[in-house]
Each structure stands twice: as structure tokens, then as C-alpha cells.
Amino acid sequence: MTDCALILVAAGRGKRAGRNIPKQYKELAGKPLLAHTLNNAANTGFFDRIIVVVAADDTRAATLSDAITVVVGGTTRTASVRAGLDALADQPPRNVMIHDGARPFLDTALIQPLLHALETHDGAVPALPIADALKADDFSAVDRDRLHRVQTPQAFNYAKIKAAFDALPADASAHDDIAVAKDAGLSLAFTPGSERNFKVTWPEDFAKAEAMLSHTTFTVTGSGFDVHKLEESTDPLWLCGIEVESRYTLVGHSDADVGLHAITDAILGAVAMGDIGDHFPPSDPQWKGASSDRFLAHAISLAQDVGATLRHIDLTLICEHPKVKPYRAAMRTRVAQITGLPLARVSIKATTTETLGFTGRKEGIAAQALATVEIPDSLDTQK
Numbered sequence: 008m009t010d011c012a013l014i015l016v017a018a019g020r021g022k023r024a025g026r027n028i029p030k031q032y033k034e035l036a037g038k039p040l041l042a043h044t045l046n047n048a049a050n051t052g053f054f055d056r057i058i059v060v061v062a063a064d065d066t067r068a069a070t071l072s073d074a075i076t077v078v079v080g081g082t083t084r085t086a087s088v089r090a091g092l093d094a095l096a097d098q099p100p101r102n103v104m105i106h107d108g109a110r111p112f113l114d115t116a117l118i119q120p121l122l123h124a125l126e127t128h129d130g131a132v133p134a135l136p137i138a139d140a141l142k143a144d145d146f147s148a149v150d151r152d153r154l155h156r157v158q159t160p161q162a163f164n165y166a167k168i169k170a171a172f173d174a175l176p177a178d179a180s181a182h183d184d185i186a187v188a189k190d191a192g193l194s195l196a197f198t199p200g201s202e203r204n205f206k207v208t209w210p211e212d213f214a215k216a217e218a219m220l221s222h223t224t225f226t227v228t229g230s231g232f233d234v235h236k237l238e239e240s241t242d243p244l245w246l247c248g249i250e251v252e253s254r255y256t257l258v259g260h261s262d263a264d265v266g267l268h269a270i271t272d273a274i275l276g277a278v279a280m281g282d283i284g285d286h287f288p289p290s291d292p293q294w295k296g297a298s299s300d301r302f303l304a305h306a307i308s309l310a311q312d313v314g315a316t317l318r319h320i321d322l323t324l325i326c327e328h329p330k331v332k333p334y335r336a337a338m339r340t341r342v343a344q345i346t347g348l349p350l351a352r353v354s355i356k357a358t359t360t361e362t363l364g365f366t367g368r369k370e371g372i373a374a375q376a377l378a379t380v381e382i383p384d385s386l387d388t389q390k
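Counting in my numbering, the sequence shown runs from 8 upward without gaps.
Hints were generated in silico from the structure; no laboratory data involved. Treat the hints with caution; some may be incorrect.
Listed next, with one range per pair, are the computed distances between beta-carbon atoms [as the list claims (entries may be wrong)]:
(1) Lys236 to Asn50: 46 to 52 Å
(2) Phe232 to Ala186: 49 to 55 Å
(3) Glu370 to Thr76: 52 to 58 Å
(4) Thr76 to Asp242: 51 to 57 Å
(5) Asp144 to Glu34: 38 to 44 Å
(6) Pro176 to Ala214: 48 to 54 Å
(7) His305 to Thr340: 16 to 22 Å
(8) His123 to Asp242: 40 to 46 Å
(9) Ala96 to Ala36: 31 to 37 Å
(10) Asp93 to Ala304: 23 to 29 Å
(11) Thr358 to Leu175: 27 to 33 Å
(12) Glu239 to Thr360: 30 to 36 Å
(13) Ala351 to Ala304: 18 to 24 Å
(14) Ala140 to Phe225: 53 to 59 Å
Listed below are the simulated DSS-like cross-link pairs for lysine-lysine, each with C-alpha atoms no more than 25 Å apart in a straight line [as the list claims (entries may be wrong)]:
(15) Lys356 to Lys236
(16) Lys167 to Lys189
(17) Lys38 to Lys167
(18) Lys295 to Lys332
(19) Lys369 to Lys356
(20) Lys369 to Lys236
(21) Lys236 to Lys206
Beta carbons are placed, not taken as given, at the ideal position from N, Cα and C, and that holds for glycine.
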């Protein structure tokens, strides 16, 4: 876990959706809209606690999951967020994300950049560029390059956003949480938003969400295997994105990070997109000495482009040297950062061949990886 809590704001009535019940309980693909949001949030693996803020007469949210805390909100969104923040005060998390209950398509690709941004900022918000031309009421042009379509979840250092809300007047009603943070002088960052992460607001949005939710997925596994030679050198030895202290280095056209290469091939294999050599041929001089995290990030991007979602990585390093255990925690953290996975879904193990073969003679390192990927059933990845 990441010491991060999630507040889902679901106290509204959703009148714009034109429904006779609050929109968050309208069924989509056989389940209430809010249930989809909760399920996708839980599936990311990032949240230690989930707080759902509801209206005073709402008893339905508590029936959706045993893994949530339901609290009563206020008459404004600001009051509801304040109630959610107060509910976490007994065991304050390091970070908190505040999300609209009517945005059901929360995923790891959206959350991971927010967590990275919180390493250097007090708050962060996903945003999208504006493609259309903008005009003011007098038809004068508006510079769209300085404008952003802001989404949720909006992410914050918990203590700082809690203090910002505590300082508001009791009847305050801010436009959103990032506005409260800005007025409080917190440092803020934009992260990439997602077109999938739209808020179900209007009647036509239900048809769009229904179509997206009705697409079934299935899970596939890709495998990767790689070997690189060890030789004595003062050059660094890179393994799983971490520089390892050694009198050896790995030999290859790039930085020869055998661990990241195996993971890259496993992901490419899961979506049937060839292998690392197809995308980064050793004959191409631009990859001479290149950092292998670029290869892995590219494989992740290719998978996401076709609608695939990486769920788990299991890597085994086979070597007599170096000893992996002292570096394993850092390796897992680095791979999680590159792939956008929660740490709990990155497994790195090491074994030896009991001094047998080339790895036993310390002539090289081998790595084999498995990547578990969820893909839509309509996906045709063959190019």
C-alpha cells in the first residue's frame, strides 16, 4: 500500500442526469454506477482506506462494499469533502485523493502520476488539453494553451489539505478541492488526465458508460527471457533500474539491464507486439548505452494504446553475482514507478544454478519474467 486514502464524494442528487434516483445508484451493466467506481478504485491496489460521503438519508452506499467507511456529507461539495477529511483524522494518512463517485473509470494509469507528483508537490490534479477553439462572449479569441479540462481524483498531502479546509468559513462553497488548495498557497502540479475518466452527468452519458462497461475483458500472461554477459569493469552494473555495486558490468548495446529487458518482452508478448529487438534493434546507434527504463515505458505505452492494462509482474533473476537481496526492495520500487503498478503487484526474486552453467561461473545473468495483462475481448493486437 501507499499510505493513501480515497474520499469518494457521492452525496449529490444528480438532477442533470434526468433520473428519478440519484445517478450514482442508476444501474450500468448490472450494477449501480457507484459500485463500478468503488470496484475500480479497489482494483488499483493504491488505497488503504476508502471513505464514501453520502447524503443524510442515503442508506444504499453501505450495501455496496464491506471495505468502505460511509459518512454523511453536507449540502455542498465542500462540506462533503470536509466530512470525508474529518473521517480520516483519527488515523491520518500521508496522502489523500478526492474523487467524484460518478467517474467510474478510475485506473492505475491515472493514479500513479498523481502519487509521483505528491513526492514534490502538496497537491496534484489530472487534466486534459482543450482541442476546440475558444471564444469569449464578444467572440474574441481565448488562448486555449493556458486552459485545462480538470478531472478527479485530486490528490493532496493529507495534513496540508485538511488544514486548508479547516481554515475555510463554515458556509464556504469552493468550485473544487484544487481551488481550496490554491487559495491556501499549496504547491500544485498537473498530471495527465484520461478521456475515459469522464463524469457521468447528462442522460446521454449513461449510454456511453453502459457501452464502455459492457465490454468484457480477459486476462493473458506474457513471458520474457533475457541473458547478458558479465565482464569485469569500472562501468556501472544496472539491474531492474538500479545501479548495483560490483566490479562487473553487463555487456550489451544498451545499458544491458537484463531484468528490465525480460519484463519488457513479457509485456510485449502479452499483447502480441513482437519483442524488444523489433522496437529497439541493437543495430540502431541511437540505442547505444540507452537506459532500459525507456524500453519498458514504451512497452507499457503500447499496451495502453490498445486498451490493455498491466496487472502484475513476476521476475526471477538467475545469477551467482551480484547478490540481489540487498537491492530487491529498491528494484521493486523502481519497477513499480516505471510501470505504474502498486508495489504489491511487483514481484522480484533471485535464484542461482548452484554454480552450474554460465551463470554459475559468473559469466552472465539470466532473467525470466511473467506479465499479467487484462485486455478487452475485442482487442486484435496483430499488426
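To see whether the hints hold, each was checked on the structure:
At about 40 Å, the CB distance of Lys236 to Asn50 disagrees with the hint of 46 to 52 Å. Here the CB-CB span from Phe232 to Ala186 is close to 51 Å, well matched to the stated 49 to 55 Å. Against the hinted window of 52 to 58 Å, the Cβ-Cβ separation of Glu370 and Thr76 comes to about 56 Å, which satisfies the hint. For Thr76 and Asp242, the Cβ-Cβ distance of about 52 Å falls inside the hinted range of 51 to 57 Å, so the restraint holds.
Take Asp144 and Glu34: their Cβ atoms lie about 40 Å apart, and the range 38 to 44 Å holds. Look at Pro176 against Ala214: about 41 Å separates their beta carbons, and that is not inside 48 to 54 Å. Evaluation of the 16 to 22 Å hint for His305 and Thr340 yields a pass: the beta carbon distance comes to about 20 Å. Range check, His123 to Asp242: Cβ separation about 29 Å, and the 40 to 46 Å hint is violated.
For Ala96 and Ala36, the hinted distance range of 31 to 37 Å is satisfied, since their beta carbons lie about 36 Å from each other. In this structure, Asp93 and Ala304 break the distance hint of 23 to 29 Å, their C-beta atoms being roughly 39 Å apart. Our hint of 27 to 33 Å for Thr358 and Leu175 is violated, since their Cβ atoms are close to 56 Å apart. Taking the beta carbon of each, Glu239 and Thr360 are about 20 Å apart, not inside 30 to 36 Å as hinted.
The supplied range of 18 to 24 Å is met by Ala351 and Ala304, whose beta-carbon atoms lie about 21 Å from each other. Look at Ala140 against Phe225: about 41 Å separates their beta carbons, and that is not inside 53 to 59 Å. About 20 Å separates the Cα atoms of Lys356 and Lys236, which keeps this hinted pair within 25 Å; it holds. For the hint pairing Lys167 with Lys189, the CA-to-CA distance comes to about 11 Å; that is within 25 Å, so the pair holds.
Straight-line distance between C-alpha atoms of Lys38 and Lys167 comes to about 36 Å, which puts the hinted pair past the 25 Å bound. Of the pairs offered as hints, the one joining Lys295 and Lys332 is violated, with about 29 Å between alpha carbons and a cut-off of 25 Å exceeded. Among the hinted pairs, Lys369 with Lys356 is consistent with the structure: their alpha-carbon atoms are about 18 Å apart, no more than 25 Å. Taking the CA atoms of Lys369 and Lys236, the gap is near 9 Å; set against the 25 Å cutoff, the hint holds.
For the given pair, Lys236 sits about 51 Å from Lys206 by alpha-carbon distance, which is inconsistent with the 25 Å threshold.
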